[in-house]
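Student: Protein chains in written order, with the numbering used here: chain Z, 1 to 762; chain A, 1001 to 1233.
These aren't lab readings, by the way, just hints derived from the structure by calculation. Every residue gets a Cβ at the ideal spot worked out from N, C-alpha and C, and that includes glycine. Honestly, I wouldn't trust all of these hints.
Claimed, not checked - Pairs of lysine to aspartate or glutamate residues, derived as DMTMM-like cross-links and limited to a Cα-Cα distance of at most 20 Å, are as follows: (1) Lys80(Z) <-> Asp1194(A); (2) Lys587(Z) <-> Glu600(Z); (3) Lys597(Z) <-> Glu302(Z); (4) Lys118(Z) <-> Asp183(Z); (5) Lys1127(A) <-> Glu69(Z); (6) Lys1161(A) <-> Asp1073(A); (7) Lys329(Z) <-> Glu600(Z); (8) Lys80(Z) <-> Glu92(Z); (9) Lys1156(A) <-> Asp1126(A); (10) Lys537(Z) <-> Asp521(Z); (11) Lys122(Z) <-> Glu701(Z); (12) Lys1127(A) <-> Glu302(Z); (13) Lys449(Z) <-> Asp726(Z); (14) Lys570(Z) <-> Asp588(Z); (15) Lys1127(A) <-> Glu65(Z); (16) Lys742(Z) <-> Asp1035(A); (17) Lys1127(A) <-> Asp562(Z); (18) Lys1127(A) <-> Glu564(Z); (19) Lys118(Z) <-> Asp1035(A); (20) Lys570(Z) <-> Glu540(Z); (21) Lys118(Z) <-> Asp560(Z); (22) Lys570(Z) <-> Asp511(Z); (23) Lys537(Z) <-> Asp560(Z).
Unchecked claim - Pairwise CB distance ranges, derived in the manner of DEER restraints: (24) Gly207(Z) <-> Glu1225(A): 41 to 47 Å; (25) Val42(Z) <-> Arg1105(A): 46 to 52 Å; (26) Lys122(Z) <-> Asn1122(A): 34 to 40 Å; (27) Val44(Z) <-> Ala1074(A): 56 to 62 Å.
Stated by the list, open to error - Covered stretches of chain A, going by a simulated chain Z footprint (3 or more residues, C-beta under 8 Å): (28) 1025-1036; (29) 1077-1087; (30) 1116-1123; (31) 1168-1179; (32) 1184-1196.
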Amino acid sequence: MKRRDFLKLSAMSGAAFALEGCGKQGTQLIRFIPEENLIPGVAVWRPSICTQCSAGCGIQARIMEGDAEVVRNGQLGTVKMGLAKKLEGNPEHPVNHGKLCARGQAGLQVSYNPDRIKHPLKRVGQRGSGQFAQVSWDEALQELLAHLGPLASQKNPATLAFLAQPLRGQRRELIGRFLSGFDGAELVPFEVFDDSVLRKANYLSFGFNQLPTLDLAHSNHVISFGADFLGTWNSPVAQSLAYGAMRQGRSGLRGKFVQVESRMSQTGANADEWIPARPGTEGVLALGFAHVILNEHLRAAEAGGGAGDLIDGWHDGLPDYSPEAVAWKTGVAPETVTRLARGIASHTPSVALVGGTPLAQTNGLFTALAVNALNGLLGSVMKPGGLLFTPRLPLPSAESSEAMPEAQRVVSVRTLAQEILSGQPRPVGVVLLYGANPVFATPPEWHVKEALHGVPFIASFGNFVDETSSFADLILPDHSYLESWVDDVPESGTTVATVSVAPPTMLPLHDTRAMPDVLLDLAHRLGGRTSQALPWKSYEEMLQTALAPLRHLPGSIHADSDDEFWKKVKEQGGWWSANGSIAPKPKDAPRTFRPLKNQEPQFDGSTAEFPFHFLPYASQQFFDGTLANLPWMQEMPDVLSTGMWSSWVEINPQTAGRLGIEQGDLLEVASQHGKLRAPALLSPGISPNVIAMPVGQGHEEYGRYASGRGANPIKILAPQVESTTDSLAWAGTRVSIVRVGKGELILFSLGPTEWGQQGVTR
Amino acid sequence: MAHRWGMVIDLDRCTGCEACVAACHAENNIATVGDAEAARGRAMHWIHVERYWDGEFPNVRVGFRPIPCQQCDAAPCEPVCPTYASYHNADGLNAQVYNRCIGTRYCANACPYTVRFFNWFNPVWDKPLNLQFNPDVSVREVGVMEKCTFCIQRIKAAEIKAEMEKREMKDGEFSPACVQTCPAGAMVFGDLDDPASMISRFSNSVRGTKLLSEVGAFPKVTYLERESSHGNE
């Protein structure tokens, strides 16, 4: 506040104000007229959607009246408003049925985070210095228009790229339509733990370009190849719910669960049997099971269907995958291969899952196709207790969320960086950022940082300054998700076609604007093609128009008019089809695909110089690092290591003993591409030739709770990709380790605890 | 009418996801203490998940055990309190009156389950994190012991609601934050004095055990032990 304004205001009201900078701070602020009418002490529940990961769980926020310090029209004061106090799962929602995971529970600390960007910012220091100054929304929008306007002209050779977290539903539609106003514009979806390998495999094997819905509740035998389905992969809450039912939901019947992975995950810790196969050989093991099943005539090869046809040698009984041959490659004993194969063939319904590390190898697609073929053989595709696929929403925009119209190109962030640096096929004039942080989460040799340095103009819609948005010239901060209209179309986790939609649960705390409404505003001001593609005045209007046709379908809402329908959608937090009313429809996969032979995984670094496989993994608290700025998540102990507020390097006790490493020693982990330091954590659940590290810490620029804490394993990864997609092969790097001194582990429990000592442990 | 609140935790369903831990923080205004204090063992988690390793590589198994306050019938924490801050309430809960607590920490020393947490400093909530405070739960200060209450604010709210509607409380009409959010459905809460309640049935399960039953504290949390299907081909 300027001194002159302050005096003016004091004179006008005559009330007592906080004298800023006078030593006694915050004695009293002016009170704004309440913007909502809530009864003090009485809670109301409002639906919303969790955006902490891409599962798309429905939530409800407990809203109670409170005093918030807010800025209204440039003036700081307090106002009585509805504040979200607690999040719970939405009991009606078909994905999570009222349940919520730890990361979802911590969502409140996104909205109330002290490091949120509170108003538009313009860069004042050097690019990447993180120095910004406050500007008004008008100035910010004018500035962005000044850069977008020329790109909208068809004569301009330069184009626009929208770098965002993967988006679905109308948000994706909106961005697609916005980009259609710019020739050659590119959508660049980015997440480090991306599942595009599995989507591609599911498309080739089954005709579904999506992640599976797992009907574990009816499975008798589950074998998972690396999929952390109870922790961080796919739709963890839906899968945990189904897992609980598989174990104890049926009288006298307890489903068996086997996990194949070389570093025990939270999911693997729940397995009846944990099988540490060599990294990158999981597909071979899956085909070993298929070999036993085929050769013992437990199933016919034809049962594999289209998925089987994709595997070389399938119809000859997979001669290259005898238990002995498989044992030699995978390190799993031949009798174990035979025993497990017979188990999954006889204890039906059984299902095989694959995700995470096995697919983050150069041969990821082969592994996924092998597991898919095994599922075909087991008869678990589109069957109770097996793999299901969520039906598509019967809306035109649902199709476009799968394949964007031809006008826009979807490229990977690696390709974008190459395009920016080379200026081919056309120069990139403006990059818009939204919720993706590739500077943190890509290997340095993808050169994302260097590329961003070379972009003439970068604007970010993010809530926070992170490693990527610190490169922005302009920041137009979005509302938090509890303050916004939210919409999503879950890809998996349910058997009914679902669209989640909800209005804001609370008023915005800061001078922020919702990204979709800013895009609509920009389109309107740009005019021409962009404005024609986006005729709506508000995002609510766009959502309402898009979803109106659902009223006539059997589903969760009966309404006589469009208005009534919309009212009920907002109350319920979305719409979902009646059970069985919409069937999932597979697409014909291309017939040109030639059967795949076993492909050996390629690892970066020689075994002599870099003796260990390096497995970064999605952390239970921070997922890919996006949640590292939440203090609740920082202080929540990792369940296997009990580590808090830090990073660690997991190492097998035998390996540690051989190298003279003790618990807590500081290690230097080196690949061909970089080095990092973190304390050693001795863990019985990891292969002797594997080193693992959680992803999420090691932020340079991400607020007070995350910055300068721990180490980022992605920074030493090789720039390898899965060979048929542009996905990062994040599990394909080899490293060496050396003890460099004494480090410090921050653990909640002291030391590994033995089964026999259950009791007082902390 | 008094109740006897209890909890059953099915270790065969529990996946160690710690949704209960985060939900408890959000519901009960539990402070985070930061890295330096956490390193000294002062992190406060009214419910935490213990992890037990069994065997050596490659034949390793893990057991998880979520541990809230066991709300003992013969609670060792209660008789040691010189100010009656730790007391046994009518519903059988081991309640803690923060205003009476003078911070002797005798109760934490006496508790065999290590589920009592001491505020060594005044908690810090960087603004506006404080806007999240649940107004139904008091915020504790330095020198005060705090612990799991089975979400007594939810119990009271449900009691008042039932009274206003002139009816008995229904089994399952409310649950503590940890139980409500548990994704695997591993936790059940209810009245042990009601023979028809879910919890009464589960408490009598053949898989039911009590933690550290040899100390004789008679906890009201029952654990249903994990089963194994290994070798069951």
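Student: Next, verify each hint and record whether it holds.
Tutor: Here is how each hint holds up against the structure:
The suggested pairing of Lys80(Z) with Asp1194(A) is violated, with an alpha-carbon distance near 42 Å, which exceeds 20 Å. With a CA separation close to 30 Å, the supplied pair Lys587(Z) and Glu600(Z) exceeds the 20 Å bound. For the suggested pair Lys597(Z) and Glu302(Z), the alpha carbons sit about 19 Å apart, so the restraint of at most 20 Å is met. Taken as a hint, the Lys118(Z) and Asp183(Z) pair is broken in the structure, with Cα atoms around 33 Å apart against an allowance of 20 Å.
Between Lys1127(A) and Glu69(Z) the CA atoms are separated by roughly 9 Å; this keeps the pair inside 20 Å, and the hint holds. Distance check on the hinted pair: Lys1161(A) and Asp1073(A) sit about 27 Å apart at the alpha-carbon level, beyond 20 Å; violated. For the given pair, Lys329(Z) sits about 10 Å from Glu600(Z) by alpha-carbon distance, which is consistent with the 20 Å threshold. Between Lys80(Z) and Glu92(Z) the CA atoms are separated by roughly 30 Å; this puts the pair beyond 20 Å, and the hint is violated.
As the CA atoms of Lys1156(A) and Asp1126(A) are separated by approximately 30 Å, the hinted pair breaks the 20 Å bound. Distance check on the hinted pair: Lys537(Z) and Asp521(Z) sit about 8 Å apart at the alpha-carbon level, within 20 Å; holds. Between Lys122(Z) and Glu701(Z), the direct Cα distance comes to roughly 17 Å. Compliance with the 20 Å bound is thereby established for this hinted pair. For the suggested pair Lys1127(A) and Glu302(Z), the alpha carbons sit about 63 Å apart, so the restraint of at most 20 Å is broken.
Between Lys449(Z) and Asp726(Z), the direct Cα distance comes to roughly 18 Å. Compliance with the 20 Å bound is thereby established for this hinted pair. This hinted pair does not check out: Lys570(Z) and Asp588(Z) have alpha carbons roughly 36 Å apart, beyond 20 Å. Between Lys1127(A) and Glu65(Z), the direct Cα distance comes to roughly 17 Å. Compliance with the 20 Å bound is thereby established for this hinted pair. With a CA separation close to 18 Å, the supplied pair Lys742(Z) and Asp1035(A) stays within the 20 Å bound.
The suggested pairing of Lys1127(A) with Asp562(Z) is violated, with an alpha-carbon distance near 42 Å, which exceeds 20 Å. Distance hint between Lys1127(A) and Glu564(Z) is unfulfilled; the C-alpha atoms sit about 40 Å from each other, more than 20 Å. At most 20 Å may separate the alpha-carbon atoms for a hinted pair to count; Lys118(Z) and Asp1035(A) exceed this at roughly 27 Å. Pair hint Lys570(Z) plus Glu540(Z) holds up; C-alpha atoms about 11 Å apart against a cutoff of 20 Å.
For the proposed pair Lys118(Z) and Asp560(Z), the alpha carbon gap of about 42 Å is over 20 Å, so the pair is violated. The straight-line distance between the Cα atoms of Lys570(Z) and Asp511(Z) is roughly 25 Å, outside the 20 Å bound, and the hint therefore fails. At most 20 Å may separate the alpha-carbon atoms for a hinted pair to count; Lys537(Z) and Asp560(Z) exceed this at roughly 25 Å. Between Gly207(Z) and Glu1225(A), the C-beta spacing of about 44 Å keeps the proposed range 41 to 47 Å intact.
Remark: the range hint 46 to 52 Å for Val42(Z) to Arg1105(A) is contradicted by a beta-carbon distance near 37 Å. Our hint of 34 to 40 Å for Lys122(Z) and Asn1122(A) holds, since their Cβ atoms are close to 38 Å apart. Remark: the range hint 56 to 62 Å for Val44(Z) to Ala1074(A) is contradicted by a beta-carbon distance near 42 Å. Evaluation of the coverage hint for the segment 1025-1036 of chain A: fulfilled, as 7 residues show C-beta separations to chain Z shorter than 8 Å, against a requirement of three.
Counting residues of the segment 1077-1087 of chain A whose C-beta sits closer than 8 Å to any C-beta of chain Z gives 0, which falls short of three, so the coverage hint is violated. For the segment 1116-1123 of chain A, the proposed coverage by chain Z is not satisfied: 0 residues have a C-beta within less than 8 Å of a C-beta in that chain, short of the threshold of three. A count of 1 residues in the segment 1168-1179 of chain A with a Cβ less than 8 Å from any Cβ of chain Z is obtained; the coverage claim is therefore unmet, three being the minimum. Residues of the segment 1184-1196 of chain A with a Cβ under 8 Å from some Cβ of chain Z number 3, which satisfies the need for three, so the listed coverage holds.
Hint check: violations occur at hints 1, 2, 4, 6, 8, 9, 12, 14, 17, 18, 19, 21, 22, 23, 25, 27, 29, 30 and 31; the rest are consistent with the structure.
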